[in-house]
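S.K.: What follows is the residue order along each chain.
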Amino acid sequence: MSKFKKKRGKTTPAISTASLPDIIFILLFFFMVVTVMKNSELKVDVSVPEATEIQKLVKKSLVSYLYIGRPMKNYQSVYGTAPRLQLNDKFATIDDIPLFLEKEKLDIQEQLQPLMTASLRVDRDVTMGIVSDVKTKLRKSGQLKVNYSARKRAQALK
Amino acid sequence: MGRERQQPEINASSMADIAFLLLIFFLVTTTIDVDKGIRVLLPPWSDEPPETQKLKTRNVFSVMVNANDELLVRGEPMELKDLREKTAEFISNPEKREDLAEKPTKAIISLKNDRGTSYEAYLAVYNELKAGYNDLWNAEADKRFGLKYEDLDIADRKKLRADIPLVISEAEPTSFGEEK
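Quick note, the sequences are listed as chains A and B, same order. FYI, the numbering for the first sequence is 42 to 199, going by the numbering used here. FYI, the numbering for the second sequence is 73 to 252, going by the numbering used here.
One or more hints might be untrue.
What the hints assert, rightly or not - Derived coverage of chain B by chain A (criterion: at least 3 residues anywhere in the stretch with Cβ under 8 Å from a Cβ of chain A; other residues may be distant):
1. 106–113
2. 184–198
Claimed, not checked - Below, a list of computed lysine to any residue pairs in the SDA-like style, where the Cα atoms sit at most 20 Å apart:
3. A:Lys178 <-> B:Lys178
4. A:Lys176 <-> B:Asn138
5. A:Lys97 <-> B:Asp119
6. A:Lys193 <-> A:Pro155
7. B:Lys252 <-> A:Val175
8. A:Lys178 <-> B:Glu242
9. A:Lys181 <-> B:Ala243
10. A:Lys178 <-> B:Ala243
11. B:Lys184 <-> A:Lys100
12. A:Lys178 <-> B:Ser247
13. A:Lys193 <-> B:Ala203
14. A:Lys186 <-> A:Leu147
15. B:Lys178 <-> B:Asp235
16. A:Lys84 <-> B:Arg187
17. A:Lys176 <-> B:Asp119
18. A:Lys186 <-> B:Lys108
19. A:Lys186 <-> B:Leu114
20. B:Lys184 <-> A:Asp174
21. A:Lys178 <-> A:Lys193
22. A:Lys146 <-> B:Ala203
23. A:Lys100 <-> B:Val112
24. A:Lys178 <-> B:Asn206
25. A:Lys176 <-> A:Phe72
26. A:Lys181 <-> B:Asn138
27. A:Lys101 <-> B:Thr102
28. A:Lys97 <-> A:Gln154
These aren't lab readings, by the way, just hints derived from the structure by calculation. Every value quoted in this text rests on a predicted model; they were computed, and no experiment measured them. For each residue, glycine too, the CB sits at the ideal point set by N, CA and C.
So that you can see chain A by itself, here it is in the shape it has in the complex:
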């Protein structure tokens, strides 16, 4: 009888972890490929409004961001609380826009340049004055493709 008795329950066989590094590496590569490093540190408060008719911006490399909002708490002593424009990492004025756009153009192949989009990330509480000024400047600089950044609105209008 004991000849056929299995040695069950005496020792659990160790689970092989040899493939663990491979699995982790696959995950790692996935995240390495998807990652886009945070490109600029925000110095203004931007919480974009909500909308329903939104489209995705497909080519990230062709988008230049313009942030408009009130300076964050720690910058308010220097820059005040009036809405400001931020380009790249710095506070900027409207007159800095043409140069900023030219610099963005340099990184992009010539045939793709007409497809460039300026994405306006504007805080919802900002008034239209500064936004209109920025729009006028963009028109003067020939940057006509514009995206008003917005989040998807879930519920219907009240």
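Got chain A; can you put chain B on it based on the hints?
M.R.: Positioned in the frame of chain A, the structure of chain B alone reads:
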């Protein structure tokens, strides 16, 4: 001879830890969100004042947003939630009414805001106007091809948009309100 020793195996058990560390780093830095928003094509700038062209009043749908974020459409106050439907009705004019656009190609939406209008209100209005057009495009695409507008190929979309062109003309904002 004695040199022919076996190569000692490299211990790879820490590989998983290293990979984990890298993985966590990338997990933390990743932002997968893509930028989304309402796409607009601004009109090119010209220094000369725009030609004043005589438009029939019935073809112009004037939308104004004042500094208190109130809406005035063709001289009448309106709720934001009605704007979408009214826009679509104005452009397509299904009942051939005398006071709405003659045909979609002649319809012009004129949007005017104040420098004191909040951006949220402005974008909400713009969104509703665009939604009105999107509704019309979808209805037309469904009628002609049995598809949604988004699913049409580019040539069909162009044809459709030639029949119902998106014309939102924006006037210089007024500056009555206070800028905050």
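S.K.: Would you mind marking each hint as holding or not holding in the structure?
M.R.: Right, here's what the structure says about each hint:
no., hint, in the structure
1, 106–113, "holds (count 8)"
2, 184–198, "holds (count 12)"
3, A:Lys178 <-> B:Lys178, "29 Å, violated"
4, A:Lys176 <-> B:Asn138, "19 Å, holds"
5, A:Lys97 <-> B:Asp119, "33 Å, violated"
6, A:Lys193 <-> A:Pro155, "27 Å, violated"
7, B:Lys252 <-> A:Val175, "16 Å, holds"
8, A:Lys178 <-> B:Glu242, "15 Å, holds"
9, A:Lys181 <-> B:Ala243, "16 Å, holds"
10, A:Lys178 <-> B:Ala243, "15 Å, holds"
11, B:Lys184 <-> A:Lys100, "31 Å, violated"
12, A:Lys178 <-> B:Ser247, "18 Å, holds"
13, A:Lys193 <-> B:Ala203, "13 Å, holds"
14, A:Lys186 <-> A:Leu147, "17 Å, holds"
15, B:Lys178 <-> B:Asp235, "10 Å, holds"
16, A:Lys84 <-> B:Arg187, "24 Å, violated"
17, A:Lys176 <-> B:Asp119, "15 Å, holds"
18, A:Lys186 <-> B:Lys108, "14 Å, holds"
19, A:Lys186 <-> B:Leu114, "7 Å, holds"
20, B:Lys184 <-> A:Asp174, "15 Å, holds"
21, A:Lys178 <-> A:Lys193, "28 Å, violated"
22, A:Lys146 <-> B:Ala203, "32 Å, violated"
23, A:Lys100 <-> B:Val112, "16 Å, holds"
24, A:Lys178 <-> B:Asn206, "29 Å, violated"
25, A:Lys176 <-> A:Phe72, "36 Å, violated"
26, A:Lys181 <-> B:Asn138, "26 Å, violated"
27, A:Lys101 <-> B:Thr102, "15 Å, holds"
28, A:Lys97 <-> A:Gln154, "19 Å, holds"
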